[in-house]
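2 protein chains.
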Amino acid sequence: MISVGSSIPPAPESLWVERDNNTVSLPSSGKYIIVGVPGAFTPPCSSQVPGYIENYDKLKEKGISAAYVVAVNDIFVVNAWKEKLANDSGVQFLSDSRGMIITQISSNNRYSILIPHIRGAGEFTNSVGLGFDASGLLGNTRSKRYVAIVEDGKVVNLQVEDEAPNITVTHVDKVLGSL
Amino acid sequence: MISVGSSIPPAPESLWVERDNNTVSLPSSGKYIIVGVPGAFTPPCSSQVPGYIENYDKLKEKGISAAYVVAVNDIFVVNAWKEKLANDSGVQFLSDSRGMIITQISSNNRYSILIPHIRGAGEFTNSVGLGFDASGLLGNTRSKRYVAIVEDGKVVNLQVEDEAPNITVTHVDKVLGSL
Numbered sequence: 003m004i005s006v007g008s009s010i011p012p013a014p015e016s017l018w019v020e021r022d023n024n025t026v027s028l029p030s031s032g033k034y035i036i037v038g039v040p041g042a043f044t045p046p047c048s049s050q051v052p053g054y055i056e057n058y059d060k061l062k063e064k065g066i067s068a069a070y071v072v073a074v075n076d077i078f079v080v081n082a083w084k085e086k087l088a089n090d091s092g093v094q095f096l097s098d099s100r101g102m103i104i105t106q107i108s109s110n111n112r113y114s115i116l117i118p119h120i121r122g123a124g125e126f127t128n129s130v131g132l133g134f135d136a137s138g139l140l141g142n143t144r145s146k147r148y149v150a151i152v153e154d155g156k157v158v159n160l161q162v163e164d165e166a167p168n169i170t171v172t173h174v175d176k177v178l179g180s181l
Numbered sequence: 003m004i005s006v007g008s009s010i011p012p013a014p015e016s017l018w019v020e021r022d023n024n025t026v027s028l029p030s031s032g033k034y035i036i037v038g039v040p041g042a043f044t045p046p047c048s049s050q051v052p053g054y055i056e057n058y059d060k061l062k063e064k065g066i067s068a069a070y071v072v073a074v075n076d077i078f079v080v081n082a083w084k085e086k087l088a089n090d091s092g093v094q095f096l097s098d099s100r101g102m103i104i105t106q107i108s109s110n111n112r113y114s115i116l117i118p119h120i121r122g123a124g125e126f127t128n129s130v131g132l133g134f135d136a137s138g139l140l141g142n143t144r145s146k147r148y149v150a151i152v153e154d155g156k157v158v159n160l161q162v163e164d165e166a167p168n169i170t171v172t173h174v175d176k177v178l179g180s181l
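Chains as they are written, first to last, in our numbering: chain E, 3 to 181; chain D, 3 to 181.
Same shape as in the complex, but just chain E (with noise of 0.2 Å):
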């Protein structure tokens, strides 16, 4: 899992805004906010958003250029969803959903085996350490509910909920009160 001090590429490729394969540009300097979320329509994730959405110009006197909520749904669930909670806020809604299946080949002297292997849906959630196997439930990997505080390109501050429904040191509230 990421930490403080971690790098978050500018451009991750799998992280799209408003439409598929249209990648999202995180600011390299200055300060923003990722809020990571298990789902889209679910309760606790529709509770806990907007209380980004409501506070998006206290963020702003606090330093933070701009917020992006990061959800392993497909780019079209995630539009449907920030037009119902927010369809004008400066908060930036991103998909993560984008996975691959890659079957690897595992060789030894004597014996080569295909094996399938699982990468899964949201590689950018998968390549920061902060997804989850939510199958039972969602059918599919998810993002665990977590808020990075990134600044010049690194995490400079990083809270994850122990348990994905929770919302404590992700309240909006305890990130403002932080910054």
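Honestly, the hints are just simulated from the structure, not real lab data.
Just so you know, not all the hints are guaranteed correct.
[Unchecked claim] Calculated cross-link-like contacts (lysine to any residue; reagent style SDA-like; alpha-carbon spacing at most 20 Å):
{"hint": "1", "chain 1": "E", "residue 1": "Lys86", "chain 2": "D", "residue 2": "Asn81"}
{"hint": "2", "chain 1": "D", "residue 1": "Lys64", "chain 2": "D", "residue 2": "Gly92"}
{"hint": "3", "chain 1": "D", "residue 1": "Lys86", "chain 2": "E", "residue 2": "Glu85"}
{"hint": "4", "chain 1": "E", "residue 1": "Lys86", "chain 2": "D", "residue 2": "Lys86"}
{"hint": "5", "chain 1": "D", "residue 1": "Lys86", "chain 2": "E", "residue 2": "Leu87"}
{"hint": "6", "chain 1": "E", "residue 1": "Lys33", "chain 2": "E", "residue 2": "Glu56"}
{"hint": "7", "chain 1": "D", "residue 1": "Lys86", "chain 2": "E", "residue 2": "Leu181"}
{"hint": "8", "chain 1": "E", "residue 1": "Lys64", "chain 2": "E", "residue 2": "Leu178"}
{"hint": "9", "chain 1": "D", "residue 1": "Lys156", "chain 2": "D", "residue 2": "Met3"}
{"hint": "10", "chain 1": "E", "residue 1": "Lys62", "chain 2": "E", "residue 2": "Ala88"}
{"hint": "11", "chain 1": "D", "residue 1": "Lys86", "chain 2": "E", "residue 2": "Ser48"}
{"hint": "12", "chain 1": "D", "residue 1": "Lys86", "chain 2": "E", "residue 2": "Asn81"}
{"hint": "13", "chain 1": "D", "residue 1": "Lys156", "chain 2": "D", "residue 2": "Glu15"}
{"hint": "14", "chain 1": "D", "residue 1": "Lys86", "chain 2": "E", "residue 2": "Val26"}
{"hint": "15", "chain 1": "D", "residue 1": "Lys156", "chain 2": "D", "residue 2": "Gly138"}
{"hint": "16", "chain 1": "D", "residue 1": "Lys62", "chain 2": "D", "residue 2": "Leu160"}
{"hint": "17", "chain 1": "E", "residue 1": "Lys33", "chain 2": "E", "residue 2": "Tyr70"}
{"hint": "18", "chain 1": "E", "residue 1": "Lys64", "chain 2": "E", "residue 2": "Ser31"}
{"hint": "19", "chain 1": "E", "residue 1": "Lys33", "chain 2": "E", "residue 2": "Leu181"}
{"hint": "20", "chain 1": "E", "residue 1": "Lys60", "chain 2": "E", "residue 2": "Leu87"}
{"hint": "21", "chain 1": "E", "residue 1": "Lys86", "chain 2": "D", "residue 2": "Leu87"}
{"hint": "22", "chain 1": "E", "residue 1": "Lys86", "chain 2": "D", "residue 2": "Leu160"}
{"hint": "23", "chain 1": "D", "residue 1": "Lys33", "chain 2": "D", "residue 2": "Ser180"}
{"hint": "24", "chain 1": "E", "residue 1": "Lys86", "chain 2": "D", "residue 2": "Glu85"}
{"hint": "25", "chain 1": "E", "residue 1": "Lys86", "chain 2": "D", "residue 2": "Pro45"}
{"hint": "26", "chain 1": "E", "residue 1": "Lys86", "chain 2": "D", "residue 2": "Ser48"}
{"hint": "27", "chain 1": "E", "residue 1": "Lys64", "chain 2": "E", "residue 2": "Pro167"}
{"hint": "28", "chain 1": "D", "residue 1": "Lys176", "chain 2": "D", "residue 2": "Tyr58"}
Given the coordinates of chain E, assemble chain D onto it according to the supplied hints.
Below, chain D alone, put in the same frame as chain E:
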């Protein structure tokens, strides 16, 4: 893939309606229709499905007792989509998202090897052979676009689009014409 004559189980464990783990009961007698769709909130599906909602009475006049839209989307997304399209329609919207990641052990006389095995999202859809890998755009396995007419628990007509975005043989007018 299922074909004419195949049995459809009356209560697939992964087909949920209204809330998670609330298994739907499919009619074991009479005639009903399943409309499998690739993605809630995607433009083709949001264009196709209203036809079934608007023509639900005509379907009933032609002997259809129930109509189910089945999507490999989680129950929260499916409910939000239904709310947007057809909150008071008789057409039922089912979530088939549940998936599982199973790790198998493969062994012969000399070696044991752990093989991560994908069953993937959409247990029902995969069990009837109508899933496809949509991970590049939508993140996981989804349902092909198909219409199955089921009578007394057995498929009596099955129409599957060659390409998921197409709406030709699965258009409600085509289905009405075949009844």
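These are the hints, each one checked on the structure:
1. Lys86(E) - Asn81(D): The hint holds at about 13 Å.
2. Lys64(D) - Gly92(D): OK: Lys64(D) and Gly92(D) at ~15 Å, within 20 Å.
3. Lys86(D) - Glu85(E): holds (12 Å)
4. Lys86(E) - Lys86(D): holds (10 Å)
5. Lys86(D) - Leu87(E): holds (14 Å)
6. Lys33(E) - Glu56(E): holds (19 Å)
7. Lys86(D) - Leu181(E): Not OK: Lys86(D) and Leu181(E) at ~38 Å, beyond 20 Å, violated.
8. Lys64(E) - Leu178(E): At roughly 8 Å apart (the allowed maximum being 20 Å), Leu178(E) and Lys64(E) satisfy the hint.
9. Lys156(D) - Met3(D): Holds. Lys156(D) to Met3(D) sits at ~14 Å (cutoff 20 Å).
10. Lys62(E) - Ala88(E): holds (17 Å)
11. Lys86(D) - Ser48(E): It holds: about 16 Å lies between the C-alpha atoms, which stays within 20 Å.
12. Lys86(D) - Asn81(E): holds (13 Å)
13. Lys156(D) - Glu15(D): holds (18 Å)
14. Lys86(D) - Val26(E): violated (28 Å)
15. Lys156(D) - Gly138(D): This hinted pair is violated, its Cα atoms lying about 33 Å apart.
16. Lys62(D) - Leu160(D): holds (18 Å)
17. Lys33(E) - Tyr70(E): Distance ~12 Å between Lys33(E) and Tyr70(E) Cα, so the pair holds.
18. Lys64(E) - Ser31(E): OK: Lys64(E) and Ser31(E) at ~16 Å, within 20 Å.
19. Lys33(E) - Leu181(E): holds (10 Å)
20. Lys60(E) - Leu87(E): Judged against 20 Å, a Cα distance of about 18 Å means the pair holds.
21. Lys86(E) - Leu87(D): holds (14 Å)
22. Lys86(E) - Leu160(D): Violated, because 36 Å separates the two Cα atoms, which is more than 20 Å.
23. Lys33(D) - Ser180(D): holds (13 Å)
24. Lys86(E) - Glu85(D): holds (12 Å)
25. Lys86(E) - Pro45(D): holds (17 Å)
26. Lys86(E) - Ser48(D): Status holds; Cα separation ~16 Å.
27. Lys64(E) - Pro167(E): violated (27 Å)
28. Lys176(D) - Tyr58(D): Holds, at about 14 Å.
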